[in-house]
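Number of protein chains: 4
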Amino acid sequence: MLTCFGESHGRCVGVVVDGCLPGLSLSASDVQAEVDKRRPVSEVSTSRREEDKVEILSGVFNGYTTGAPICMLAWNREVESDTYEEFRWKPRPGHADFPASARYRGFNDYRGGGRFSGRITVAFVMAGAVAKKLLQGIGVEVLAHTVEVAGIGLRKEPTLDDIKVNVYRNTMRCADPDAAKAMETAVLEARSGGDSVGGVVECVALNLPVGVGEPIFDSLDADLAKALFDIPAVKGVEFGAGFGASRLRGSENNDQYALKGGQLVTLTNNAGGVLGGFSDGMPIVVRVGFKPTPSISKRQQTVNLQKRAEATLEVQGRHDVCVVPRAVPVVESMVAAVLVDHLLGLGLVKVGK
Amino acid sequence: MLTCFGESHGRCVGVVVDGCLPGLSLSASDVQAEVDKRRPVSEVSTSRREEDKVEILSGVFNGYTTGAPICMLAWNREVESDTYEEFRWKPRPGHADFPASARYRGFNDYRGGGRFSGRITVAFVMAGAVAKKLLQGIGVEVLAHTVEVAGIGLRKEPTLDDIKVNVYRNTMRCADPDAAKAMETAVLEARSGGDSVGGVVECVALNLPVGVGEPIFDSLDADLAKALFDIPAVKGVEFGAGFGASRLRGSENNDQYALKGGQLVTLTNNAGGVLGGFSDGMPIVVRVGFKPTPSISKRQQTVNLQKRAEATLEVQGRHDVCVVPRAVPVVESMVAAVLVDHLLGLGLVKVGK
Amino acid sequence: MLTCFGESHGRCVGVVVDGCLPGLSLSASDVQAEVDKRRPVSEVSTSRREEDKVEILSGVFNGYTTGAPICMLAWNREVESDTYEEFRWKPRPGHADFPASARYRGFNDYRGGGRFSGRITVAFVMAGAVAKKLLQGIGVEVLAHTVEVAGIGLRKEPTLDDIKVNVYRNTMRCADPDAAKAMETAVLEARSGGDSVGGVVECVALNLPVGVGEPIFDSLDADLAKALFDIPAVKGVEFGAGFGASRLRGSENNDQYALKGGQLVTLTNNAGGVLGGFSDGMPIVVRVGFKPTPSISKRQQTVNLQKRAEATLEVQGRHDVCVVPRAVPVVESMVAAVLVDHLLGLGLVKVGK
Amino acid sequence: MLTCFGESHGRCVGVVVDGCLPGLSLSASDVQAEVDKRRPVSEVSTSRREEDKVEILSGVFNGYTTGAPICMLAWNREVESDTYEEFRWKPRPGHADFPASARYRGFNDYRGGGRFSGRITVAFVMAGAVAKKLLQGIGVEVLAHTVEVAGIGLRKEPTLDDIKVNVYRNTMRCADPDAAKAMETAVLEARSGGDSVGGVVECVALNLPVGVGEPIFDSLDADLAKALFDIPAVKGVEFGAGFGASRLRGSENNDQYALKGGQLVTLTNNAGGVLGGFSDGMPIVVRVGFKPTPSISKRQQTVNLQKRAEATLEVQGRHDVCVVPRAVPVVESMVAAVLVDHLLGLGLVKVGK
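Residue numbers (our numbering), protein chains in the order written: chain A, 248 to 600; chain B, 248 to 600; chain C, 248 to 600; chain D, 248 to 600.
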């Protein structure tokens, strides 16, 4: 179970992970390695340079998890809040400013989006680091990668090796280096125009046992979708053939069964590894659509809430032109967190001998 | 809170709705009216003829809800289980048979899909009937309609009136009568070929207040997505521009603000009414992708689990060639149930004077 | 997880048990045997004669649980609601009438206490029957018995054999037959005076593994206490030495450790088997204080809510003079339900080979 | 919702409070004032001198709560862990050492009880400080006080004024100054004998509306009991006449109704303000039994788990001879936290104008 806290321009962002098994080897540097994966990437990201140094405050003793809640946080360092004073009364289009202000009667921390900033995803990745270590111990792998940016997709279906080798070798976190270059060009072009772009992240989970998921109301796909929609800027989630399945015939879409080395397998994986709310033994494949970063320097129409008058604004600040590359470890983390929760519930996670 | 029970070929399907406010006028016929919307539609649906007669067992007294849990059920009548004996050991592709059998060690009720049959959605609609009555009382409307079947979409964007007037006038539950005809033709053609088709349902929710949703882990879109993925055969969920937003620029996708009659509105609704996990005051727009019905009479490859040998099967039985039209009231119900839960949590639902 | 529904004078009382493992042999007669333990006992109980015939509506197939939710209910038969019309506006002292009416704005089913009747505990016992069968399979025993009625306690500390043999041989559900006689006399005397009495039930759980409980917020004692206070008429819960421990010195109260057959044991069990929110390997011992039945035929002061005037009432109807004997299987059921939930969460329940 | 983290000898103890309304004026010193109430009291408490300086890490902006999770913590300063090395393998009687070690396979932080130390209650009081501020805003008061120490009770029933004025004027947190003196004498005497004593705390909550509580499974008394049993060393919880009610007749125990100034009141309050799981409009009265501090310097029998041999130990360290006085603000905090949760769920908490 995860509880996040912190704001973009507050003192810190952090998370409490409850329910981790005791005896997992865990250090701040294990978590740091994951958090570093979402750090800004050269010219395509924000110029805000947060160290995001992970501290573990509880739940770890002598290098191992104790079974008690693990509180982890990163202190905020480079905070420039002055630029946000303008947005207090002029909600930025595409940001949570307006509904958050309505809901919290204006008491929300509006600086940098406050709690609704993408910065909260640092906490997701910290939690994901713990989840991934638990999954590793039972051979479950979770791998996310960018499959589309600015409408530019992969040129060929990547192999698992492509994903494992290439993703962190380019700024786009993409398994296809050629596509990555084209994506990067599109991102830089959008930036030069004061605009932003979106994209799609795919996540694959391997080696999950058959039958993970709690029907009806905590089915595996439902819980994954819920966790993924908790990531800021996500507008769509689909499994396997996804919305494309809606255009197939049953005879095309059904994943027929065969035996392979004595194991039941499916000949295709249009289901994306989820059937009837359970894992079906094939790789989980889920795709997550991200909208373009709402912060753009182009002039936009808004309303001054204080004056109840129409107004315009330009969002300068320091922003990612495209959140997709930095969202890759975030997607991975959320998927890992959901899988480990389900596996823990079934008594299928083991630590140590 | 919903708790469902029952199986396709067991004694009944039912639901317990806990947390309904007292004083809501509610009768079995109110619920029946909603349940009737998902009954089989002429030639495009299953030939199983279930009466689906709603009985209310608790929580209603003298015509009004009491505040106590409302248990509702429909007894199963027309059960032909013999045809399912074959599938006990030969899992049907695209059905939950295989993972359910693995998870429940063969003890699951395999007749007609048991608990994993689409029949469980009768219970969803019963619950939705209560939710919709509560929402009506505060002016929130939830309207679902078919927007794609077998790859055939709407010819024009429907108005709200189109949706309200047309949907239950054609077999496809489609706001565009011309598209409905083309869809129906495609469905009948698939049927004659022993095949099946999928499609997409859109749901619109109107008049929701701004700021509904519980960040971060119970955001409105996350909870809606979770509930929608609980519906059998759903493979994708997207809000507003959805996956399409991933291809837009920020300047195109951002919903800019303006004043209209003194109210803050957005000039577009690419967000689908959800921003930062909150409702933003615009209509909620969510699209749900359904795969083609897995039950097809074409011969398919499977595995005989008892003999551990490859095998083939043909699924005869009585099935919907396309679940989409009957899924329309189900989607509506799940959206209504989630909205009413969030609104109740905020103290925003009122009943009576 | 339990969800109860039904009212005293409605159509039925029932429960949905979610999360039961598949493969548990279960029949309606298994459940009936437990439900029969709480049936009225000769002259000390109500004259309402409910058959309380258990029906299983879902979750069981071919004699075994399937892993799906188990819905069980008993239809109400012998309902005499006319006598309750008077109490609609004149709340009975000691009953939920007044707060329920306030909370539900008068829409609550007031007949026979409606949802707040002790009759709801039939549903608890049905659920407990399933829990106890699961516990049996792993050797955990749960045994409740009356230890005090009308201030009359046991004459000597009962052995486990006393509990197992004697409890259902007397009307008081008491392990000490002599005490039982004295208690029964006190109950009959109270009845002849138009009055009622209370008492204390003790529950012992044996063979629980060490370390069951989820600190801090789902500790074992906390969850047991919560479930026990859900039983109508309970006013106190204590573990081991309980409130008596508050008067002991540390040197008297601490359960010191020793080895017995290579096993760590404690020399005393003042903790009642719970330490730091965990089971400690010794028997769980919890005592539950029940108030006297609020329904008495003596004249009492109340208020006519409609007329806003003081009034009097006499509660005739058919009532237990003392709920304690019939509460014994209810306490047992709630303890079993909590234990099995914790054990399931730890993956410590197994069914079949 | 509360999530606690931290250990007795780790870096800190802290809490995340989720669900607080926005707009509540809140500063670290508000919280500090409550935390200071549980600081060691002269000679009757531990000599460990923790500053317990409260820091607020999130959820407060410009002096007001924002609606986002509030993370608060106190860094541990004066940690002497060496004395605990002995207890790693020799569990202290009456402490969680043994079951915690079994449950967490020896990975638990055993220093000073780790997570199972009473020190975690600093976090409860921080959370309680927020809850109490919210309750204040709607006129609900929560007042705890010591009613028994070492078997010494109050000499007379205290008035509300006695409680408000006297409790923090003596070391025992007792409304009756004479009783307090006798209690203190008993505590000092136990200390001089290397022993410890227990006692009982009573908590009163005033001005709660009628009908607060969620039947059946989240009834008000059940939730209060659960939260109170989460406090280390609690062995019993009772409401109103409590276990004493089990010895009364119905005609004595029933709280009969009358009108007072047009309001319905009860003539007695044996129910302790809870009827049918709801508040009934009278003061909530709950008593909580604490066992004597398990840490005593007298020699005790234990087992060396490493050597699997019987052993003895003397617990020196720095401990409270009696936890009861310091438990008073903890009980108050837990009661306040539960009440505010229920009231928030009903939409009955308001902040600001």
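Everything labelled a hint here was simulated from the structure, so no lab data went into it.
Treat the hints with caution; some may be incorrect.
[Said to hold, decoys possible] Below, a list of computed lysine-lysine pairs in the DSSO-like style, where the Cα atoms sit at most 30 Å apart:
#	chain 1	residue 1	chain 2	residue 2
1	A	337	B	507
2	C	411	C	300
3	D	300	A	300
4	C	554	D	507
5	B	380	D	597
6	D	554	A	597
Now for the hints, and whether the structure bears them out:
1. Between residue 337(A) and residue 507(B) the CA atoms are separated by roughly 16 Å; this keeps the pair inside 30 Å, and the hint holds.
2. For a cut-off of 30 Å, the pair hint linking residue 411(C) to residue 300(C) stands: about 25 Å separates their Cα positions.
3. As the CA atoms of residue 300(D) and residue 300(A) are separated by approximately 24 Å, the hinted pair is consistent with the 30 Å bound.
4. For a cut-off of 30 Å, the pair hint linking residue 554(C) to residue 507(D) stands: about 15 Å separates their Cα positions.
5. In summary, the hint linking residue 380(B) to residue 597(D) is supported, as the alpha carbons are separated by about 27 Å, within the 30 Å threshold.
6. Only pairs whose Cα atoms come within 30 Å are accepted, and residue 554(D) paired with residue 597(A) is accepted, the gap being roughly 27 Å.
Of the numbered hints given earlier, the model fails none.
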